[in-house]
Structure formats: C-alpha cells, structure tokens
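Trainee: Okay, here's what each chain looks like letter by letter:
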Amino acid sequence: MTTMNMIDSINSGLDNMMTRDENVVIMGEDVGYFGGVFRATAGLQEKHGKTRCFDTPISECGIIGVAVGMAAYGMRPVPEIQFADYIYPGLDQLVSEAARLRYRSAAEFTSAITVRSPFGGGIFGGQTHSQSPESMFTHVCGLKTVIPSTPYDAKGLLISAIEDNDPVMFFEPKRIYNGPFTGYYDKPVEPWSKFEASEVPEDYYKIPIGKANIVREGDAVTVLAYGTMVHVAKAVVEEHCVDAEVIDLRTLVPLDIETIEASVKKTGRCLIIHEATRTSGFGAELSALVQERCFYHLEAPIERVTGFDTPYPHSLEWAYFPGPVRIGEALDKIVGELTS
Amino acid sequence: MADDNSKTNLPPLSLHVPEPKYRPGDKVDYSDVAIPNAGEQPRPDVSSEPAIMRDMVYDMVRVLDDDYKAVGPWDPKLSDDTLLKMLKTMAQVRAFDDRLHRMQRQGKTSFYMKCTGEEATSVAAAMALHSDDMCFPSYRQQGILFVRGYPMVDMINQIFSNREDKLKGRQLPIMYCSRDLGFFSISGNLATQYPQAVGWAMASAAKGDTRIAATWCGEGSTAEGDFHSAMTFATVYNAPIIMNIVNNQWAISSFSGFAGGERTTFAARAAGYGIAGLRVDGNDPLAVYAATQWAAERARTNNGPTLIEHFTYRAEAHSTSDDPGAYRSAQEREEWPLGDPITRLKRHLIHRGVWSKEQHEALDKECIEAVKVATKEAEKNGILGHGLHQPFETMFQDVFEEMPWHLKEQSEQANKEREIKWPNTEASQ
Chain P
1 MTTMNMIDSI
11 NSGLDNMMTR
21 DENVVIMGED
31 VGYFGGVFRA
41 TAGLQEKHGK
51 TRCFDTPISE
61 CGIIGVAVGM
71 AAYGMRPVPE
81 IQFADYIYPG
91 LDQLVSEAAR
101 LRYRSAAEFT
111 SAITVRSPFG
121 GGIFGGQTHS
131 QSPESMFTHV
141 CGLKTVIPST
151 PYDAKGLLIS
161 AIEDNDPVMF
171 FEPKRIYNGP
181 FTGYYDKPVE
191 PWSKFEASEV
201 PEDYYKIPIG
211 KANIVREGDA
221 VTVLAYGTMV
231 HVAKAVVEEH
241 CVDAEVIDLR
251 TLVPLDIETI
261 EASVKKTGRC
271 LIIHEATRTS
281 GFGAELSALV
291 QERCFYHLEA
301 PIERVTGFDT
311 PYPHSLEWAY
321 FPGPVRIGEA
331 LDKIVGELTS
Chain X
341 MADDNSKTNL
351 PPLSLHVPEP
361 KYRPGDKVDY
371 SDVAIPNAGE
381 QPRPDVSSEP
391 AIMRDMVYDM
401 VRVLDDDYKA
411 VGPWDPKLSD
421 DTLLKMLKTM
431 AQVRAFDDRL
441 HRMQRQGKTS
451 FYMKCTGEEA
461 TSVAAAMALH
471 SDDMCFPSYR
481 QQGILFVRGY
491 PMVDMINQIF
501 SNREDKLKGR
511 QLPIMYCSRD
521 LGFFSISGNL
531 ATQYPQAVGW
541 AMASAAKGDT
551 RIAATWCGEG
561 STAEGDFHSA
571 MTFATVYNAP
581 IIMNIVNNQW
591 AISSFSGFAG
601 GERTTFAARA
611 AGYGIAGLRV
621 DGNDPLAVYA
631 ATQWAAERAR
641 TNNGPTLIEH
651 FTYRAEAHST
661 SDDPGAYRSA
671 QEREEWPLGD
681 PITRLKRHLI
691 HRGVWSKEQH
701 EALDKECIEA
711 VKVATKEAEK
721 NGILGHGLHQ
731 PFETMFQDVF
741 EEMPWHLKEQ
751 SEQANKEREI
761 KWPNTEASQ
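In order, the protein sequence lines correspond to chains P and X. Following our numbering, the numbering of the first sequence begins with 1 at its first residue and continues without gaps. Following our numbering, the numbering of the second sequence begins with 341 at its first residue and continues without gaps.
I should point out that these hints are in silico values taken from the structure, not numbers from a laboratory. Heads up, the beta-carbon is just placed ideally off N, CA and C, and yes, glycines get one too. Keep in mind that a hint or two might mislead.
[To be verified] Cβ-to-Cβ under 7 Å is the rule here; a few derived chain P residues that face chain X: (1) Val68; (2) Met75; (3) Glu97; (4) Glu199.
Let the hints inform the model, and build the full structure from the sequences given.
Mentor: Spelled out as structure tokens, the structure:
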C-alpha cells in the first residue's frame with residue numbers, strides 16, 4: 001500500500017495490466033516517450049517497450065479505428081484521447097463500430113478496448129479542454145461508461161475496464177487528478193495524500209463495473225453524483241449539515257439501479273448533480289429512472305444541478321461550474337426546513 | 341498589401357461543381373480514357389522504395405493483351421488449374437448475384453448488392469492472399485467468401501435473415517461475417533474498416549505473426565476521413581497491409597469526380613503518404629492477382645503497405661434501391677473499354693487451349709444450378725418477413741457480453757408483447 005494521486009494510480013493500473021497481459025497496449029498522442037500530457041503513462045514505454053506503449057498521429061478516428069482492429073486481432077488496446085473534447089473525430093468508430101461489433105457479428109468479433117480520456121472543467125481549459133461528453137456515450141448501445149472519483153477507485157475500475165470484453169469509455173475527472181475538489185475555486189486544493197482514498201495497493205485489484213459506492217450515508221435526501229461532483233456534493237451537504245446519502249455512481253452504463261432505488265426509497269428525496277450541460281444530460285436519465293421506480297416514495301420533486309447549456313466559457317468558468325451555491329439552493333429547495 | 345493593384349478587370353470567382361461526361365441519352369466516347377498496352381509496365385522489386393515507383397500510380401498494370409494472351413513482367417504465370425478455379429469462382433459469384441438479386445425482387449429479402457463486372461477485384465485478389473490473411477471488406481467483396489469456401493447456403497441464410505442466419509437477423513443482407521474465414525464484419529458506414537484493418541495489421545506485426553491484412557473500399561469512400569487516417573497510420577507504422585480502392589466509377593449516382601477523381605488517380609493518393617501505389621486494370625484478373633501477390637509479398641517481408649487502385653466499372657446498379665438508368669448513359673456499361681473480367685479470363689483460357697465455349701456454357705449452367713439448390717435449401721429456413729425467425733431474447737444478446745438489468749427488463753417486455761402482437765406464432769418459426 002502506498003500513497004498515490006489519481007494520475008499515479010492510473011499509471012499503476014496500466015502498469016499492472018501491461019505486466020499481467022502482454023495483449024494490453026497503450027496508444028495515443030504523446031503517451032510514449034513523454035508519458036502523456038498529464039503523465040498518466042509516464043515510464044510505461046521505457047518499462048514495457050515501444051510496441052506496447054506508443055505515440056500516434058493526431059487522428060482520433062485513426063486511434064479508435066486502429067484500436068478496434070487490434071482488438072479484433074486479440075489485443076486489449078487502451079487508447080488515450082488527450083482531452084474528451086477531442087473525441088468527436090473518433091465518434092463514428094466508437095458509435096458505429098466499437099459499440100456494435102459484438103452485436104452485428106453475433107460475437108464472432110469483439111472490441112475489448114478501454115478509451116481513457118480526461119474530462120470536465122475547472123482548470124481554465126476553455127471550451128475545448130473542459131467538456132463532459134459522457135451522456136453522448138451512455139446513449140450508445142454497446143458502450144460502457146465508467147467515471148472514477150478517487151485514486152483507489154480509479155485503479156480498481158481501470159483494471160476492470162481493461163479486463164472487460166466490451167468497449168469501455170473511461171473518463172477521468174482531471175480537476176481531481178491531484179486532490180479532491182470541494183467546489184471552492186478560491187481555496188487551495190488539498191493533495192490526495194491527505195485522504196484515505198489515496199492509499200492504493202501497488203498490486204492488482206479490481207472494483208467491479210456496475211457497482212455504485214455510497215460515500216456518505218444519510219436519511220434526508222439521496223444525492224447522485226460522479227467524478228469531481230462527488231466531492232463537491234459531499235462538501236456542500238456537510239457544510240449545510242444535511243443528513244444526505246451521497247452516492248458515487250462510478251459507472252453510468254451499466255448503472256447500479258438497485259443502490260439508487262434503495263436509497264431514494266429510504267430518503268424520499270433525490271438530487272442529481274453533474275457538471276455536463278443540462279439538456280439531455282445523464283441527469284435526465286437518472287431523474288426519469290428515479291421517477292419511474294420511486295414515485296410513490298418521493299416527498300419532493302427530483303432536482304438537477306448541472307452545468308449550463310452553453311459551451312464551457314474560459315473566463316467565466318466558475319460561473320458555469322455547478323458549485324456550492326447552486327447545489328446549496330437545490331438542497332434548500334428539496335429539504336428546506338432541514339437546512340434552516 | 342497584395343490588394344494595391346486594381347481588381348476591376350478580374351473576372352468574378354466561380355465555383356466548380358463536377359459533372360460526369362455522360363448522362364442518360366448521351367453517346368459515350370471513351371477515347372480519352374488512357375489505356376496503356378498490356379505488358380509494358382515495369383515490375384519493381386517488392387523491396388523498392390515508393391519514391392521510385394511514383395509513375396506506377398498514374399500508369400495501369402495490365403497483363404492480358406488484346407488477343408487475350410498474358411504478357412509482360414506482371415504475368416503471374418499461374419497454372420491452368422489456378423486460372424480455371426479463378427474463372428469458375430467468378431462465374432459462380434455472378435450466378436449467385438443474379439439469382440439473389442431476383443430473390444430480392446420477389447420480396448424474399450429487403451436488399452441486395454451485386455458486384456457484376458468487379459468480380460476480379462475480390463476473387464483474384466483473395467486467391468493471391470494466404471487463406472489466413474485477414475480481410476476487411478466493404479460491401480461488394482462477396483468473392484472473397486467464395487474463394488475461401490464459405491457455403492452459399494450460409495450466405496443466403498444471412499440474406500434472408502432466417503433462423504439459420506449466423507448473424508441472428510441483425511445485419512442488412514450481404515453484410516456477412518466469418519471469423520473462421522478471416523472475413524471481418526461489414527459496416528454500412530464507409531471506409532470505417534480501413535483503420536481497423538491497419539490496426540489488425542499493426543497487431544500482427546507487433547506480435548511477430550506472419551499474417552497480413554487486406555481491406556477494400558470504393559473510390560467514393562476515399563473522401564472519408566477514415567481513409568486518410570488509415571493511410572497515415574499505415575505509413576507511420578509500416579503496417580503489413582494491402583489497401584484496395586475499387587474504382588468502379590460510381591458512388592451511387594455520384595461519379596468519381598466527387599471523390600477527387602477529376603484531378604488525379606486514386607492510386608496517386610499513395611504517393612502523398614510515401615506508400616507504394618499501384619494502379620491496376622481491375623477487369624484483368626491476372627493483373628489483379630499479380631498486383632495483390634506483389635503487395636502481399638511486400639507486406640510479408642516487412643516492406644510495408646501498398647495501395648492498389650483497381651480501375652473497373654460498376655456494371656449494375658449500386659444496390660436494389662438504385663436505378664442507374666436515371667443518372668448515367670446506358671451505353672457506358674456496354675462500351676466499357678476494359679471489357680468484362682469473366683469474358684476476358686474465359687477467352688484467355690480458350691486461347692491457352694484449356695477451355696472452350698461449350699465448357700463455359702456448361703459451367704454457367706452448373707453455377708446456376710448450384711445456387712438454385714442452395715437457395716432452395718436456405719428457403720427451408722425461412723425468408724425475411726415470413727414469420728419471426730429469431731427468439732426475441734436474441735435481440736438483446738451480444739449488446740454486451742453479459743446482459744445488464746435494463747436489457748433483461750426490455751427483453752421480458754418484448755416477450756410479453758409477442759403474445760399480444762403475434763398470439764399464434766412460435767418465435768423460432
């Protein structure tokens with residue numbers, strides 16, 4: 001066991017898998033000699049060789065398409081898309097090819113690829129380095145979507161994703177690569193080393209895909225979140241002294257509906273938080289599911305706190321970010337009398 | 341600044357929108373199609389640098405001359421048996437296409453695509469590959485399956501989406517798939533198989549395997565980004581792959597000019613990437629074989645990828661949903677200056693003294709009979725629209741390796757609906 005930030009734990013997960021399975025290969029812009037712009041693949045080329053971890057042309061279509069072909073051969077490629085905002089040129093290969101290959105070939109061919117990509121804002125990345133496109137992928141039949149929120153989870157989930165025989169979108173919340181973010185942009189971020197979740201085994205371990213994590217138990221309201229927003233949500237409910245149950249979804253597809261349903265039936269209230277834009281965001285799906293399954297248990301309307309329906313603005317990113325004020329207002333609306 | 345000079349005498353700018361030379365009713369004149377003499381093209385060593393081969397992307401590799409003799413350095417010098425097998429396979433593909441096309445017209449399936457006139461680009465190419473080389477075809481390479489011995493009944497089961505369809509009725513007719521025969525699943529999205537094929541080839545190289553990959557697309561699809569991504573990856577990693585462009589002149593109703601064909605050849609795309617490129621008479625089965633054999637040897641000896649443009653003609657409609665009479669001259673097909681690949685090979689074999697008109701007539705009858713028997717066999721397993729051939733659970737299988745809760749729920753719903761919508765049917769009938 002050692003202390004790791006999220007970059008280290010992802011690097012450790014990749015290293016573990018490359019050592020265990022020679023079919024695991026890493027490819028993407030700058031991932032080889034340089035080790036990736038966020039250093040997530042640092043040292044892997046040196047350790048495992050140039051044919052196991054290599055740079056690619058700047059062609060997301062090529063990166064994903066080539067990965068699908070390598071998977072058809074029998075490898076387990078882990079392509080990196082440098083920022084989730086850049087994934088769109090590779091979209092057809094993901095949506096029409098990787099996602100459907102098992103189905104259309106009646107399982108004769110599969111695409112066991114894990115697409116890693118940093119996503120989300122809060123780093124002054126402007127509109128081309130800040131987006132949260134996860135719901136574009138949750139809408140696609142045949143893709144799994146996984147989003148960790150701690151170093152420990154990141155490694156365990158990444159190993160599960162690489163071993164999974166289906167294509168997995170693995171979105172890394174880059175705002176919390178180095179430490180959990182509580183939503184206050186003007187306060188220094190404390191490093192992961194100060195938190196228990198940074199205690200990460202150096203060896204192989206797995207966290208199952210499709211299983212949510214109850215990060216805080218409570219009876220007043222169920223808060224559904226993932227990635228960076230798990231930490232923001234937790235900080236805000238604690239600040240407001242709300243007895244909230246905070247659930248880190250970890251996996252959007254397949255979704256752990258049992259945990260969500262049990263929690264909302266217990267609390268009778270539901271707040272959904274994500275950083276992605278509101279319209280047709282994953283919150284809409286969560287809201288519909290909760291309404292369908294828990295309607296007679298609900299004591300207040302389901303609330304959503306999300307990013308606005310605009311591109312991510314560079315200078316006004318903290319105005320865009322669904323931070324403590326917006327979440328606090330939503331909590332007041334749902335559990336008003338409890339917070340006063 | 342460059343705008344110091346007066347612009348008053350300049351003509352207004354104009355936009356060029358390509359237009360094919362001939363439309364319905366026009367008389368076709370092919371005199372401007374440059375067709376070099378057979379046998380005059382040099383055959384470089386397979387280890388040659390692409391730079392010394394640049395002229396070949398504008399030339400055209402041809403083996404069969406006007407007298408149907410095989411001539412020149414590209415003559416693959418195939419045995420009579422091999423050539424007869426090639427001829428018989430191409431004839432079988434054509435007979436298959438004719439009958440299955442009619443089956444669609446009779447309402448037994450939804451859709452069909454013939455490869456008439458282009459048989460050499462898949463049959464001769466597949467014969468020049470090893471049986472375990474991996475093919476990433478587009479939708480007009482059914483010839484590969486015939487070469488590799490895929491049963492016609494299985495192909496027809498797929499076309500009819502019936503209960504014996506190995507793809508469980510999920511794919512459009514003719515979008516076959518066979519892992520055992522190295523035939524990758526076909527996508528309706530164009531050129532997507534190009535980067536996939538390069539990825540497969542890269543994996544084979546990384547593993548120290550001996551197998552290579554081959555892929556096909558139409559000239560129209562070379563406009564897709566996937567094509568260019570694949571070319572970049574192929575050249576960057578020196579992937580052991582053959583990338584075929586079947587230039588059949590038409591992408592549905594758009595002529596090759598809309599893919600850039602007015603300005604240069606499609607083989608010339610290779611030169612810009614530093615890839616070996618060959619332009620081949622796609623209706624000359626010996627030239628197609630020879631070019632593929634050359635490119636395969638090049639790939640197999642770590643000399644890298646090859647792009648081959650097969651200059652051919654789509655003799656029939658794009659698909660059963662298309663009417664070429666509405667956009668191109670009826671004469672085009674009749675007067676295509678490079679002839680028909682089956683006729684040319686037939687005459688070559690007659691010229692060699694190993695074949696005859698009578699034998700060919702008998703062959704055609706045999707091929708028709710064989711596909712008739714296979715069709716009847718497949719029809720016993722059902723035709724599209726007559727009955728529910730697959731159990732409803734199969735609709736939800738293979739989306740993921742394991743079925744998640746939401747698909748299980750939807751599967752149960754579909755089965756419940758079946759009893760209401762189709763109360764008197766068995767799902768498997």
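Trainee: Please go over all the hints and tell whether each is borne out by the structure.
Mentor: Now the hints, each set against the structure:
Annotation: Val68(P) was flagged as interfacial toward chain X, and the flag holds, the nearest CB pair being 5 Å apart, inside 7 Å. With a cut of 7 Å, the hint placing Met75(P) at the interface with chain X holds, because the nearest CB-to-CB distance is about 5 Å. Residue-level restraint check for Glu97(P) holds (minimum Cβ-Cβ distance to chain X is 5 Å; threshold 7 Å). Among the interface hints, the one on Glu199(P) is violated; its C-beta lies about 31 Å from the nearest C-beta in chain X, farther than the 7 Å criterion.
Checked against the numbered hints above, the structure violates only hint 4.
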